[in-house]
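Protein chains in written order, with my numbering: chain L, 12 to 527; chain V, 12 to 527.
Hints are supplied without guarantee of correctness; some may be wrong.
[Stated by the list, open to error] Some chain V residues near chain L, calculated using beta-carbon distances under 8 Å: (1) G28; (2) A66; (3) H159; (4) Q436; (5) S448; (6) L465; (7) L486; (8) P491; (9) E498; (10) G501; (11) A518.
[Unchecked claim] Just a few of them, taken from the derived set where beta-carbon distance is under 10 Å, the chain L residues facing chain V: (12) M12; (13) I13; (14) P41; (15) L129; (16) G144; (17) R158; (18) H462; (19) Q475; (20) V521.
[As the list claims (entries may be wrong)] Coverage of chain L stretches by chain V, computed from C-beta distances (three or more under 8 Å per stretch; other residues unrestricted): (21) 161-169; (22) 446-455.
No wet-lab data here; the hints were simulated from the structure. Fair warning: this is a prediction, and the values are worked out from it, not measured in the lab. For every residue, glycine included, the Cβ atom is placed at its ideal position computed from N, Cα and C.
Protein chains: 2
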Amino acid sequence: MITLRSYVGGEWVEGQGTLETLVNPATEEPLARAGSAGLDRAAALDHTRRVGGPALRALTFAERGACLKAACDVLQAKREELIDLAVANGGNTRGDAKFDIDGATFTLASYATLGQSLGARRVLVDGEGVQLGRTPRFHGQHVLVPRHGVAVHVNAFNFPAWGLAEKAAVALLAGLPVLTKPATSSAMVAARMIELWVEQHIFPTGALALLLGGAGDLLRHVGPQDVVAFTGSSDTGQLIRALPEVVRHSVRVNVEADSLNAAVLGPDVEPGSDTWDMFVRDVLRDMTQKAGQKCTAIRRVLAPAPLAERLRDELVERLAAIVVGNPAHEGVRMGPLATAQQRDDVRAGIDQLARDGRLVHGSASLAPVGAPAGKGFFVGPVLIEVEPGAAAPSVHAREVFGPVATIVPYTAGAAEAIEIVARGQGGLVSSLYSDDSEFVSELVLGLAPYHGRLFLGSARIAEQSPGPGTVLPQLVHGGPGRAGGGEELGGLRGLHFYMQRTALEGARPVIDKIVG
Amino acid sequence: MITLRSYVGGEWVEGQGTLETLVNPATEEPLARAGSAGLDRAAALDHTRRVGGPALRALTFAERGACLKAACDVLQAKREELIDLAVANGGNTRGDAKFDIDGATFTLASYATLGQSLGARRVLVDGEGVQLGRTPRFHGQHVLVPRHGVAVHVNAFNFPAWGLAEKAAVALLAGLPVLTKPATSSAMVAARMIELWVEQHIFPTGALALLLGGAGDLLRHVGPQDVVAFTGSSDTGQLIRALPEVVRHSVRVNVEADSLNAAVLGPDVEPGSDTWDMFVRDVLRDMTQKAGQKCTAIRRVLAPAPLAERLRDELVERLAAIVVGNPAHEGVRMGPLATAQQRDDVRAGIDQLARDGRLVHGSASLAPVGAPAGKGFFVGPVLIEVEPGAAAPSVHAREVFGPVATIVPYTAGAAEAIEIVARGQGGLVSSLYSDDSEFVSELVLGLAPYHGRLFLGSARIAEQSPGPGTVLPQLVHGGPGRAGGGEELGGLRGLHFYMQRTALEGARPVIDKIVG
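Just chain L, same shape as in the assembly:
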């Protein structure tokens, strides 16, 4: 069995002491070991800051973009190998694995192109210059420069490829070196990605470090120029935010956490119409893709009460046809959850949600295809339904991170739908499906304060839409409140988190010369 290693201080380092075993979540077969005990995290951060930082800052945006393009090419050349790893270690179907890995390459390519377009500069100009005095000579101009610290990326288990790449692409293009920590349970894909990049000298020495295993005291060594980006549970996000070192040094923290993403079906949508079909397809995709382990997956399905029964029946019929099992096995449409812990959490969550309403699909007697008897962390798709007007406190407060959704009927139009969705206290994305532009307008204005993204589903985009669950590098990803208050990606916007905005105030010719 292989032992995965960390890549810190420009070297591959094996953890000491007892190592954690990574398994195939469909068979529980051991695949690799990893651990980080004994690793000097302060030194790892320092090397990244001190060696990687200056090396990256010496490059122009175009040069950093070229690194990202090369990183993307390497992954594409090894796509099949990475897919196989994701199927084995992630419980992913091939489709799930492609979604993760192609998401990574698409994001890298997207930021590579952005870097190219920024060209041979190292300082970003932010907005127009302003006249500050009686004459244009006294001038102000905002600029953005890379911080002199390290970006610490703590990623979730569900997207080992995309999670690593989307955070790293943005930080590295901004000029900040990265120490990335994948979730251990599904780390084989991320470890292999870094290995490929190191072998081919894609990034300058020190620009991208990998910590494999527990974070340990990593975040106790951050300083005032560092930033932390975390994706995972709300509880861990809160712990990070309140760490004394984080607070003392005003360390920037981006948290992307729990989200009870809603999908609202408009009262105008007729069963069987193109918009209806798109809605049903998107709900089903989000429930089953990655076995529902997507932070953007639809959790709450708001349907007009008169349509709720028809919708439920259609969803139940389609869910019944989903073949659950070992994703290495032919014909399997949905794999297991990532870990035993996740399976137990999801089961407990289902019990809690079901107490708010009733279970209309899903049973305990699941017989996963192609998995050894009694093995694997499987949970079949589960649909719950609540009564119109029910408070359903758990439905609006507990993110159950698996193939689980709840139908919430509404009766009183847009205002009620807004009120119900807002009970989630802030989310990453919600979606509206309607061809009634007044309804859509009202919902958008009412829901925007509570979301980082709103997906407007309609027949007009059905053919080219990836659905609300897909995060695109051009649009911001993050959300207020429960979702962590963060913001990633969004094209150029994403770089701001890793840079310092500074107002230059002085004589215009002097400033123009610096800004170039």
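On the provided structure of chain L, position chain V as indicated by the hints.
Relative to chain L, chain V alone:
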């Protein structure tokens, strides 16, 4: 003696129990009383959120801008009365008082103009739209909408007018109602401002509440749509950041805290030149204006070692001519500190800094003009000097919030100057005085990551420059690390803190219709 009242829930409310006494810091004469015991802070926040929020959001940007213009006009009409209050309650000279009050009106006017320019809209478009699919029909557009919460503003004692106005102008223009809490000791100006605005119905009901007295449990009642902006000590900023409710709800917090602002004299600047004179003038202004109680005041004066002695002698000579005393008295150039506590803190700070070097100006035997014997919170201007190459840990770590600066000689050019300034671990503003564009360029690139603003002093702007200590509404105000990691103002940028950025993803005609 008058009792100042809070304005919450649309009513003037007097605090219960023991009230705090506000005094004239030059004479210690009691002027007013204030307190907040017994006040229902949760209800105050709720009223602001529930009544003020919808009322503000119903207005367009232009209409909100018109409110700000009216608020500005009211202050200008009562300028003399407010100046008198600031002289009495703030220990301000008339010049200090004007700086504060005119800063308030200028900022209100500036955001009023911005509101007018944004026109009859309620949603801000953020950046260009992007094509997301194979055809332009699948489209993305970011927008900014007001959050549905309340902006809690906790202000510092030094700028009762400007501090209130600069925060409130931005939040109110963004569409977020405000609950503002001035520091109690100098609250008379802020209380009168709110009173004038309420009397003249400047803002919609509930849009601007005032809490006078201690914050108490105010911040334990914030929710996921609320934001907190704090100006004050780093210690309090850290407490706010780590409050469980703030962390749990991802409440946005802007902290503007301690800052060891540096002013760097270039090696090219000859004594007696225009740039030299500007440098000396700016250092002296920052040491004495508001008795040095400005968050942006120059604390560290970096001079090339060969020029340090000459600079010191000139500063000492000019400081000796500063008349300290009761600002109500003719000829007084510098007033007292705001409170006995501030005086004691500053004295302790001077002792600490002096251990890093030596005191070259300032003595304990101060005889303030026009103050009753033994009364008033006076500290005279103090200049300290350290040896070239000294570590001087306190000089780079302790903000002494009074008329105190330290000369730090440097010998090895721009690189050493950058290293010394960066020891401050992040600041609001630093300034460079040089006519050597290579030196300026190198310093700007080296210092920008550590600052929210860099002031480039040169003879070319001497005539129209207000110096680095003046915060302009067009430029961002805030800084990384020790300075709290915040960002305020900066024209339109300032509104972002109070708004939610949301990506709209869907059919272009639908989005274009919503965005208008």
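Among all the numbered hints in the text so far, which are the ones the structure does not match? Of the numbered hints given earlier, those the structure breaks are 1, 2, 12, 13, 14, 15 and 21, listed in rising order.
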